[in-house]
Structures are given as structure tokens and as C-alpha cells.
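Asker: Residues per chain, in single letters:
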Amino acid sequence: MTNIFNVQDLSYQVGETKILKNINLDIEKGAYLTVVGPSGSGKSTFMRILASMISPTSGQVLFNGQPLNTFEPTEYRQKVSYAFQQPTLFGKTVRENLVFPFEVRKQELDESKMIANLEMVNLNETYLDKSVNDVSGGEKQRIALIRNLIFPPEVLITDEVTAGLDAENKNIVHRMLNEFNQRGLTILRVTHDETEIDDATDKIMIRNGELQND
Amino acid sequence: MTNLTVSNSTLALGFVLVLVALIIGYIEKLHIDKDIIIGVIRAIVQLSIVGYVLKFVIKANDVWLTLACFVIIVINASYNAGKRGNGIPKAFQSSLLAIFVGTTITLGTLVFTGSIKFIPEQIVPVTGMIASNIMVAIGLCYRNMKQTFTDRHQQVLEKLALGADIKLASLDILRDSIKSGMQPTIDSIKTLGLVSLPGMMSGLIFAGVDPVKAIKYQIMVTFMLLASTSIGSIISCYLGYKQFFNERKQLKNDLIS
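Residue numbers (the UniProt record's numbering), protein chains in the order written: chain A, 1 to 214; chain B, 1 to 257.
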């Protein structure tokens, strides 16, 4: 297996506070890696660096063998997509949210693609014109994930996306992510969910900004 | 012109009106007496100097001197607009470009169309009117931009995370900020003549000009302010929003916290 990420001596600090300390890690292409650790340990910061939302203070990340900072940021983020814990839906309707990835790529709208993606997360066509204020928390998270996956990236980073969801919504999200992973998508997920941690076959722990050997 | 009867002695008597403000401030314990006194002294000194300078410039009737006044007004307005940038980097430079372009285009159009003549008594006051309006518009744009970037930073982050360019990620903020700069001008246009008899028109009527002629000048001023605040708001916002991102197209946390 080839590595999609090589993390080399990665550190991040804000002022005098060291949030990440000399992290070294290789992540294989197609992996489903679960990142665990106490709150405030630096997990989200690590993920945001991998998603190029922030830059490390020192060290570097190689993506497919090339330094991350040599990629054009917007093109990179279309390949390495980051999903937030409590996403906000854009505009007034669900449709505007699914149109957004097409706008980003300056591609012609494909409504059938939008509907197919909605169905993948147990939502139907009627949701397209629903107001963003009329969808539940679980539906909101599922719609937000479609925004990340309607043009499948190479890597999906999920930051506690199932936190606060009920069992049914969690199952839908798990099923969707498993399907994408089986099709080759590399998934890095941060979670505090006991069941997810127990089920994970590939996991790492970050504690006090350092990578712990489990 | 014979109706203009303000003399030094009538002005001194008019100072009673300042005392009214001071007394209200004292009774209501507003602690604004110092600000009022400083403001009044500054107004008297600044306006006196400007009065003598304008008298000299108008008498000299020199192109270069007129242009020098234009430059001084533009730089001064940019400096003050930049100060309203609330920490937005390069706020002065952005304001300078916005005010310079906005004032030049508007003033150029007015001169070119024959609405005003290129003589100091017309160019200098009109430059002042245009530049000060753009200055206020830019201040509003910057304030709105900083506030909305703070309020909607999560949404901007999510759009960036989906691969959007910084312009697409900030498009709503950009539009709202431009609108906030233009809105006061649009609102004041709607009530022209109904609520306010604006400065230009009032000044001309005061000076004895036929009100029907005076409104023509006011209509010209309305067009001029609409154009200049639009140009100024657009330029300052398009230059301003980029300052919220670094070269890696990441949102700068220090500007939104």
C-alpha cells in the first residue's frame, strides 16, 4: 500500500502554547483511520492542518509524496475535504447547499446527481426545496456530508460528525462513509463516540499534542 | 448675497447654542463637556484656516494649486477612512485607491459633462463633498465587513473546506458590506426634499439663488454621491476582504476574534 500522507516532525503552536509536538505519522491510501484523545489534546488542530485550513509552525505534510504547501489551496481542499462537527447550511434552501460544490468547480448543475446523493443518506428529492430551517440536526449533518462527497475527494476528514446524532442518523452516516471507504476513499475521523472507537480497526491517539503509541 | 449677515459679533452670540449643549450635558451628567469644547474649538480653528486657504486658492485661480487641494483632501479622507478600518491591514492604501478613483471618476464626469467648471471655487468644495461621502461609506463597509466575518466565520471556514476560493467563500459578506456602504446614500436620496433640504441646495438658497435652480445643483449632487459611494464601496470592499485571508487562503484568526 502506498501512503497518501506522510507527516514529518509536525508541530503547531500559538504564542508560547505548543498544541502539537513533533508528530510523525504515515497514513495509507484507502485507510479508515480513527483519531482519539481527550478534548483539547490537539486532534482537531492536527486534522485542520491536514485539510490545509491552518499551516503548521514547523515540520511538513506530504500528500501523495508532495509537500502540502506546494499545492494550490483550493484544488487541494477539493481533494482533501473537511467535514465539521456542527455544520451550518448555506443560503435558504437545501438546494443551494448542493449547488455549492458545482459552483466551486464551475461545473454545470446536475440535479440527478444531487437527488442520487440525497437518496444515499435516506433523503428524497423533496428535500431540495426545503428551507434550511426546516431540517433536523441529523438531516443537516447528512446534507452537509453530501456537500463534501457529491464530487468524491481522495480524503475525507470528519471532525466528530456523529456527535449529538441519534442512533438512526449515526447508522446512516456510518453506512454512507463505509460505502465510500470501500470505493477507495481515505477517511480520517475524530471521534469521542465509544462505539465508534470500539469498532475502529485502525486508530491513533493524540494526548497533550503528542502521538501516543497505543 | 446681501442677506448673508453673519458677522463675528453675531457668531459670538450664536455661541449661546453651544452653551445649551453644555448645560444639557452637565444636567444629564453625560460627561461630554470636554468633547464638546474640544470639538467646538477644533471646528472654529479648522474652518477659519480652511476659509483663509480657500480665499487664497480661489484668488490665485491656479490649476496646480487646485490639484494640490484635491490631493490633500483625498489623502486626508483616506487617512480617516483607514482609521475606521478596525485593524484591517492596508486599510489606508485601500481607502486611498477607493477615494482617489471614486473622486476622480465622479469629478471628471461632472467637469466633462459641463455640470461644473474646473475652477477652484467649484472643484475644491465638490471634491470635499465627494471624498467625505466616500470616507463615511468606506468606514461603514469596513465596520460591517469585520463584524460579518466575525459572525459568519464558521460558514466561511466550511466554504473554504469545500474547496471554494476566498471570493466565493466571502461573497455574501462582500455583497452585504458593499450594500452597507451605499445604503445611507440611497436612504437619504429617498427623503430628499421631504425630510431634508441638503447642504448644497440650502447653501444656494441662502445665497439668494432661485430655489428652482438650486434643486438642479442638488440633483447633480445626488447623482454624484450615488456614483462616488458605489465606486468607493466596491473598491474598498474588494480590496478589504482579501485582507482576512493569508497567502494559503486560510482565514486569519487574529482579525475575527
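Source of the hints: derived by calculation from the structure; they are not laboratory data. None of the values given here were measured: they were computed from a predicted structure. Careful, some of the hints might be misleading.
Said to hold, decoys possible - Cβ-Cβ distance ranges computed for the label pairs, FRET-style:
#1 Gly25/B x Gln85/A: 48 to 58 Å
#2 Thr195/A x Pro184/B: 23 to 33 Å
#3 Asp26/A x Asn76/B: 54 to 64 Å
#4 Ile44/B x Ser58/A: 56 to 66 Å
#5 Gln147/B x Asn22/A: 52 to 62 Å
All C-beta atoms in this analysis are idealised placements derived from N, C-alpha and C, irrespective of residue type, glycine included.
Asker: Please go over all the hints and tell whether each is borne out by the structure.
Answerer: Consistency of the hints with the structure:
no.	hint	in the structure
1	Gly25/B x Gln85/A: 48 to 58 Å	51 Å, holds
2	Thr195/A x Pro184/B: 23 to 33 Å	56 Å, violated
3	Asp26/A x Asn76/B: 54 to 64 Å	59 Å, holds
4	Ile44/B x Ser58/A: 56 to 66 Å	59 Å, holds
5	Gln147/B x Asn22/A: 52 to 62 Å	39 Å, violated
Violated hints, listed in ascending order, are 2 and 5; each of the other numbered hints is respected by the structure.
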